[in-house]
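Engineer: Sequence:
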Amino acid sequence: MSGMGRGGGRGQGIGRGGQGQGRMGGSGLGPGGECRCPNCGYTMPHQVGVSCYQQTCPKCGSKMTRP
Numbered sequence: 933m934s935g936m937g938r939g940g941g942r943g944q945g946i947g948r949g950g951q952g953q954g955r956m957g958g959s960g961l962g963p964g965g966e967c968r969c970p971n972c973g974y975t976m977p978h979q980v981g982v983s984c985y986q987q988t989c990p991k992c993g994s995k996m997t998r999p
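Numbered according to our numbering, the sequence shown spans residues 933 to 999.
One thing to keep in mind: the hints can contain errors.
[Claimed, not checked] Calculated lysine to any residue pairs in the SDA-like style (CA-CA distance at most 20 Å, straight line): (1) K995 <-> P970; (2) K995 <-> T975; (3) K991 <-> Q979; (4) K995 <-> R968; (5) K991 <-> P970; (6) K995 <-> C984; (7) K995 <-> G965; (8) K995 <-> P977; (9) K995 <-> E966; (10) K991 <-> M976; (11) K995 <-> Y974.
Please keep in mind that the hints were generated in silico from the structure rather than gathered at the bench.
No experiment lies behind these values; they were computed from the predicted model shown.
Could you build all of it, start to finish, from the sequences and the hints given here?
Structural biologist: What follows is the structure, encoded as structure tokens:
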């Protein structure tokens with residue numbers, strides 16, 4: 933057959949599907965887990981529906997992050 937090229941036409945495309953990442957390149961951490969202060973290391977349980985980034989650390993006042 934002509935026009936097949938090398939590889940016998942078996943489709944060797946490059947893609948990024950199925951890597952299991954969440955929205956915006958995040959890791960899809962889900963509703964559980966904890967929030968951590970990047971400044972002093974304080975941790976607290978993550979509250980469903982409230983982003984860790986919206987909470988402040990009760991010890992030092994820094995914005996919390998998701999580890």
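Engineer: Against each hint, give a clear statement of whether it holds in the structure.
Structural biologist: Going through the hints against the structure:
1. K995 <-> P970: holds (8 Å)
2. K995 <-> T975: holds (12 Å)
3. K991 <-> Q979: holds (18 Å)
4. K995 <-> R968: holds (9 Å)
5. K991 <-> P970: holds (12 Å)
6. K995 <-> C984: holds (8 Å)
7. K995 <-> G965: holds (17 Å)
8. K995 <-> P977: holds (15 Å)
9. K995 <-> E966: Judged against 20 Å, a Cα distance of about 14 Å means the pair holds.
10. K991 <-> M976: holds (11 Å)
11. K995 <-> Y974: Given pair K995, Y974 holds - Cα atoms ~11 Å apart, limit 20 Å.
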